[in-house]
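Chains as they are written, first to last, in this note's numbering: chain A, 1 to 283; chain B, 1001 to 1817.
Errors might be hidden in some of the hints.
[Said to hold, decoys possible] The calculated DSS-like cross-link candidates involving lysine-lysine, where the alpha carbons are at most 27 Å apart (straight line), are:
1. B/K1625 x B/K1609
2. B/K1487 x A/K264
3. B/K1624 x B/K1685
4. A/K41 x B/K1168
5. B/K1223 x B/K1207
6. B/K1741 x A/K41
7. B/K1803 x A/K264
8. B/K1440 x B/K1465
9. B/K1184 x B/K1803
10. B/K1525 x B/K1609
11. B/K1593 x B/K1609
12. B/K1624 x B/K1525
[Claimed, not checked] Quick look at which bits of chain A chain B covers, simulated, 3 or more residues with Cβ under 8 Å:
13. 1-8
14. 220-230
It should be emphasised that the hints constitute simulated quantities derived from the structure, not laboratory data.
A virtual CB, placed ideally from N, CA and C, is assigned to each residue, including glycine.
So you can see what is in the structure, the chains are spelled out below.
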Amino acid sequence: MIPANFDYQAPSSVEQAIALLESSHEAKLLAGGHSLLPAMKLRLAEPALLIDLGRIPGLSYVREAGAQVALGAMTTHAAIAESPLLASRSPLLSRAARQIGDVQVRNRGTIGGSIAHADPAADYPAALLALDAEIVARGRKGERTIPAREFFSGLFSTTLLSGELITEIRVPATTGAGTSYAKFHHPASGFAVVGVAAVVKMASGKIQSAAIGITGVADHAYRAGAAERALVNQPASAIAGACSRAAEGVDALGDHFASAEYRKHLAAVYCRRAVQEAMAAKA
Amino acid sequence: MAIRSRKTGKPAPRQMAPQGTLARAPKKAAERGIAAAQKSRTNGRPEPWVGRRYLRKEDPRLIQGISHYADDLRLPGMLHCVFVRSPHAYARIAGIHTGAARSSPGVVAVYTASDTKALGVVPCAGALPDLKIPRHPVLAEGHVRHVGEPVAAVIAEDLYQARDAAEKVQVEYDPLPAVVDPEKALAGTNFVHASVKSNQAFTHQLKNGDVDAAFSRADRVVKARFVNQRLAPVSMETRGVVAQYLPGEKTLTVWSSTQIPHLLKTQVALILGVPETHVRVVTPEVGGGFGSKLNVYREEAVVPFAAMQLGRPVKWSESRRENIAATIHGRDQINYVELALKKNGTILGMRARVISDLGAYHQLLTPIIPTLTALLISGCYKIGALQCDVVGVFTNKMATDAYRGAGRPEATYIIERMVDLAARELNLDPAEIRRRNFPKPREYPFATITGITYDSGNYENAMKKALELAGYSRLRARQKDAWKRGKYYGVGLSTYVEICAMGPSTAMPAGGWESGTVRVEPTGKITVLTGASPHGQGQETTFAQIVADIFGLTPDDVNIVHGDTAAVPYGIGTFGSRATAVGGTAMYIAAQKVKAKMAAIAAHLLGEKAAAMNFSAGRVGTKKKSLGFGEVVGAAYVARNLPPGVEPGLEATHFFEPSNFTFPFGTHVVSCEVDAETGHIRIDKYVAVDDCGNVINPLLVEGQIHGGIVQGVSQALFEEVIYNEDGQLVTGTLMDYSMPKAAQVPEFILERTCTPSPVNPMGVKGVGEAGTIASTPAVVNAVCDALRPLGITHIDMPLKPEKVWRAIQQARAAAAS
């Protein structure tokens, strides 16, 4: 379990980090390292340069930003899981964070590192999609804001440009909506075989709107549009039928633990459970 | 200060002696403090240490991380070894180019088969008449036959250099089609070993009684096919070897994470051609083995070979990926079974065919393991006639060998699943059909249809207790209610017996005895040397408890030394739940010999009879006249006033040969709920009543049961080594291979019954594997019981959610059509 040779730099500012990132085509950012370092030890990843973001001040926070909650990219899963601000304003992200890995992973892993890695079975993407979150990225040319729906683009890939790094994630307050994250854990890895995040707004006993993000099923997390549309203006009795469309049109992945067909089935089951739970959850 | 009663069930602190007394007068502590503390509770009779929930002496150093495993060893000038391993399941080696690796920074040597072909081979202790033992070289010669097979060893100044250089060893492979499915392999013409000209490694038949007659008389015959999947042992500490050769002294020292230091010493000497007198094997701390370290591995020869070639110490530490690919696997059988039954549930006869996937090469006990399945296949039942045919098959996989239970979990799974299927066929309660086929307590020693003799037992008693604890009738009521509501709730039983204390030498490939030496040191402390090789079981504690009682001392006065062939007389090692029953007995008898000598010396000094000498609370003598323990010891060593004919010194060694195995037993009851929508299984209740004879330390027995149950539940639900159709190892890391986690297992409700073994003086049986053996069928029985309304009779392990979900889907589709 010995990685290949690499150079290591620990910049003290985002600008320095960006400059380093541009200095090498084979640079990787270290932001927790709970996916990257195991991959390096197995020599599945052999970056020439490792840029440690851990020494840059001011990248770890959870704070109010108008109608949103802003999180620094280096905020750990544990901090997100335990944030009182998120608990009162936007609890879905905390729910997802609580189900990531184990205590050690949650204490070291960061939200920026996780979403930049874009593991198809990671938990955050489902929640960020359902929340219509925004990802703030900075590069040499400045800062831009990427909607979550435009961020995850494929297997371990995002729309981040080379030379860009994530500085902040912004999630809206979900006051008035019920939220839930329902997850079927892989027994070995703890990743989501299927994870469904739901944000549901009710009006006079019917579903006013539903936002559903699903991870684990396809090569990247997606919004379950067909199910969402089928839920609108429906009573509780129609949830199961609507949620059966959770993986409609999705090209599902399969492996020796769960086939594509089974994952699509689980997506429907966990979609229903997440929506029901969200409806029952206090807004 | 009062010692807490063991009846309270609370663990008593290890420092049971009064602290103040110890601090003020350490030398007298054993004589005064303990006695004072104990007298208050036991009417003057000191409470024995045996039977107490005594905390492990090993734990402080292990928990603090201040002890030493193989990987912690740092020797001056030590080099590091990394193996280059086959990425192919089966391939011809067309060439190996080591030049780039040899010129890589820090590299001292690169070895391949051309360097090691003159060495001996990896040993196999199997002795079946038609057993084929293909050459098992220490590095691959000509072909690689499984993923992970070592092809070259790179030795460098540091581990990083060795690892980088290993990437530069270029091996040209001509891939060959892999032999993966053992049933197809038997009929196929693609051979794992061309020299054997067959993939059949051996056959073995166990036949007793008129089987055909039993089946022709039967009211019903129940048939099944079971897959007992391949498992990886995954001990917490992987393997590791450090070797040092001193050219002047010509001595070779090998530190290895092994369960069998003495057998390894002999085999290393034979493989390397070094006189055994000049080989020393030491086991540092060993972080678990579960049988996977009851072996002699290629690396245990290559690393010492390199150390001898280079005249410098060499270390190799196994990575987890190597551990999953190239340390032995367990189980991997396919079973075809038939039971002949009378309407009342009486088992008239049994037929079984055991197809054992051996992998590519025999390790030490590879062919022996499935024969143990045959030996135990009748379980705890009277069966009129039996035919069991075992066939071992070569495939392009890592070898299977002893893994916790080793052949017995497979047997127990077969018979316990079959009995459940029979109960269902005959519409009998699963507990009732078992009760009807148990031997009665008066029938012990009980001769089984497989030809062995169960030493003692009372199966009905343990089952009754387990059913009571589980609230069996309430669970059945809950099940009925669940079924009514369209939910799937099941109750599963497993009544098991197993074979421990391995075991008489006549039944073992390389000796079934054990050695024990007890030496009372001049300061009055006791050193015990045991041939057993504890690697997590806690025998430094339990053995000390036993010896402390014999001499009237405390466990802290006794130090257990093991795992150093230079210090300890030849022994066999720790496996097959043998350490306490065989090794403990050797030590017990040796201690009695020393005690008798001390009694003779004390009696001589006191002018009393030796038979009147009582060893209690640090004193030796009678109630009226006694000497301090240290005074008697002093007399033995100063040797100026010894009884006539008594030699100086206080040391005895005993080699204990058991007359039989021991046969612990018990009943486990599991209830579970199956989520029909997803196939997910939740264990609701787990009750285990185990009988391992007399108990030295209940705390450690419970620990063994806990761990065993978790491993067995994990086989039922999670674990599976998967090779795909190309022989590639799909579950090569712990991201894919599902080890159980605390949150995935239920709380256990444990109880014991106690039926001492007549085979050894302490009446102990062994408990290391019982939990693993009992739990697996109990869980599968519970799941299949839950799914009864759907007409599902069997699902093969592991009961992964998708598999269960598909079985439910199919059953529903079949019912609808």
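Hint by hint, here is what the structure shows:
Taking the CA atoms of B/K1625 and B/K1609, the gap is about 12 Å. The hint holds against a cut of 27 Å. A distance of roughly 23 Å separates the Cα atoms of B/K1487 and A/K264; the hinted pair therefore holds under the 27 Å criterion. Pair hint B/K1624 plus B/K1685 does not hold up; C-alpha atoms about 56 Å apart against a cutoff of 27 Å. Distance hint between A/K41 and B/K1168 is fulfilled; the C-alpha atoms sit about 17 Å from each other, no more than 27 Å.
Between B/K1223 and B/K1207, the direct Cα distance comes to roughly 19 Å. Compliance with the 27 Å bound is thereby established for this hinted pair. A hinted pair counts as satisfied when its Cα atoms are at most 27 Å apart, and B/K1741 with A/K41 qualifies at roughly 24 Å. Straight-line distance between C-alpha atoms of B/K1803 and A/K264 comes to about 15 Å, which keeps the hinted pair within the 27 Å bound. For a cut-off of 27 Å, the pair hint linking B/K1440 to B/K1465 stands: about 16 Å separates their Cα positions.
Using a Cα cut-off of 27 Å, the hinted pair B/K1184 and B/K1803 holds, with the two alpha carbons roughly 23 Å apart. Restraint check: the Cα-Cα separation between B/K1525 and B/K1609 comes to about 25 Å, which is no more than 27 Å; the hinted pair holds. Taking the CA atoms of B/K1593 and B/K1609, the gap is about 17 Å. The hint holds against a cut of 27 Å. With a C-alpha separation of about 25 Å, the suggested pairing of B/K1624 with B/K1525 holds against the 27 Å cut-off.
Chain B is given as covering the region 1-8 of chain A, and this holds because 4 residues of the stretch bring a CB closer than 8 Å to a CB of that chain, at least three being needed. Here's how the region 220-230 of chain A fares: 0 of its residues keep a CB closer than 8 Å to some CB of chain B, so the rule of at least three is not met and the hint is violated.
Of the hints listed earlier, those the structure fails to meet are numbers 3 and 14, in rising order.
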